[in-house]
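**Student:** In the order they appear, the protein sequences are chains A and B.
All residue numbers for the first sequence refer to the working numbering, where the first residue is -10 and numbers rise by one.
All residue numbers for the second sequence refer to the working numbering, where the first residue is -10 and numbers rise by one.
Just so you know, the hints here were simulated from the structure itself, not pulled from any lab data.
It cannot be assumed that every hint is accurate.
Copies of the same chain look alike in the list, so a pair counts if it works inside one copy or between any two.
With a straight-line Cα cutoff of 25 Å, these simulated SDA-like cross-link-like pairs (lysine to any residue) come out [claimed, not checked]: (1) Lys(-2) - Gln116; (2) Lys54 - Pro143; (3) Lys82 - Leu1; (4) Lys(-2) - Arg85; (5) Lys83 - Leu124; (6) Lys82 - Ala177; (7) Lys82 - Arg55.
Protein chains: 2
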Amino acid sequence: MTAHREQAKHRLYLEHALGQGQAIDLSRDHAHYLFNVLRLNTGQRVALFNGTQGEWQAEIVATGKRGGTLRCLTQSAPQRMPPDLWLVFAPIKKTRTDFIVEKAAELGAARILPVQTDFTNSERIRQDRLQAHALEAAEQCGGTYVPQVAQLQPLSRLLDGWDTSRALIFADEGLSGAPAPETPLPPAPAAILIGPEGGFSPAERARLRAMDHVTPVPLGPRILRADTAAVAALTLWQATRGDWS
Amino acid sequence: MTAHREQAKHRLYLEHALGQGQAIDLSRDHAHYLFNVLRLNTGQRVALFNGTQGEWQAEIVATGKRGGTLRCLTQSAPQRMPPDLWLVFAPIKKTRTDFIVEKAAELGAARILPVQTDFTNSERIRQDRLQAHALEAAEQCGGTYVPQVAQLQPLSRLLDGWDTSRALIFADEGLSGAPAPETPLPPAPAAILIGPEGGFSPAERARLRAMDHVTPVPLGPRILRADTAAVAALTLWQATRGDWS
């Protein structure tokens, strides 16, 4: 669903200062995208954001094969930061991992942290590719913020350095014992932890159970795939504790 | 996330009566799947469901290249019907359409209805392939019910025959005017309607707005892709009105 609130039809994330009258020299990649892929021309508009200065309408003032220039006109949306919610997840198959990152960006996660768990099959991820997915999702969803995708790290190391003021919300059927549907989800700062296919190991379960501020999020009577669980948990948190209300 | 509540590791949907001692002759496809793909053998177990009689543990009693026989032992889960919630959606790109159907089955939609809207690009769908996705999702998610995927039909025709006792919940930013986050979602029978990329046409909006029992579901400040909106809306309904609580 594309909404119609943008003045410019296309949105572009740029690592460049934005402001009234600001001129922006385009990289070769951006020039290629705007002028060859989208076939935009001088005088046409693009919406720009850089993750910190809101969204700006910009006009194409010069085009070229290897570059071009934009000029910022007016700010069309203020900078909007997502709530302080992290998504911590164990990478699964490539398509579903891409999907999780895309959806986390759309649903307003502030940070995305892939972790290796005892039952994680993926030994490595392409962090740069996942970051590009998050960026593209931000361009698509009209957001002004791009969540950072961290490098893959062991879950145990992440938990070693866990700031206990950040609530940990997990979705893993085997971990919760009796689900507690009446427990409201904790407010920010919070993190949602999604286990891999196969769930957490007994050692991981024991460690998670022993932590303070650990809250299960019940996700119904059917077993959800990891990607579904991620989207569902992000939705419930945003609707009750996040910026949806 | 695979839970460990099944006794048999593999689950199979079959259009066959299930019951104590019931013998089941396998189709060639099922025999191939069980004996060649999964490499199961005589004496091993499979969990079976047919959409109406719960889940049964069955033992492999004969194997063959083009067939084989199972025998039902005990019922391992009662039949569980999902709440009376439909998902009505406009098909988008192939992968995302597949995804919507898979997620709707996992999240417990009772029926899945693809519709052509004024701004729908897809002129046709492969209903059989989508139905197979729903079935596979039910096998994976431990459910005992497989939602029926309807043939593609025009939204206007679906609305012509709409039973107004079924609440219509839509997710389309342009349609809602002022979102009403405080409005609780209506209970079953209900249907969630997800618009295509580009949203609904002015004529469709006018018609939907004029209908009784139409409720917007607000999905936050960012623009969600159609597949994300489907998962988010199904989650919110199931968590508040469905079988998650």
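**Student:** None of the hints should be skipped; say for each whether it holds.
**Tutor:** Each hint tested on the structure:
| no. | hint | result |
| --- | --- | --- |
| 1 | Lys(-2) - Gln116 | neither (29 Å within a copy, 33 Å between copies) |
| 2 | Lys54 - Pro143 | neither (44 Å within a copy, 45 Å between copies) |
| 3 | Lys82 - Leu1 | between (28 Å within a copy, 22 Å between copies) |
| 4 | Lys(-2) - Arg85 | between (28 Å within a copy, 22 Å between copies) |
| 5 | Lys83 - Leu124 | both (17 Å within a copy, 22 Å between copies) |
| 6 | Lys82 - Ala177 | neither (29 Å within a copy, 35 Å between copies) |
| 7 | Lys82 - Arg55 | neither (36 Å within a copy, 32 Å between copies) |
Violated hints, listed in ascending order, are 1, 2, 6 and 7; each of the other numbered hints is respected by the structure.
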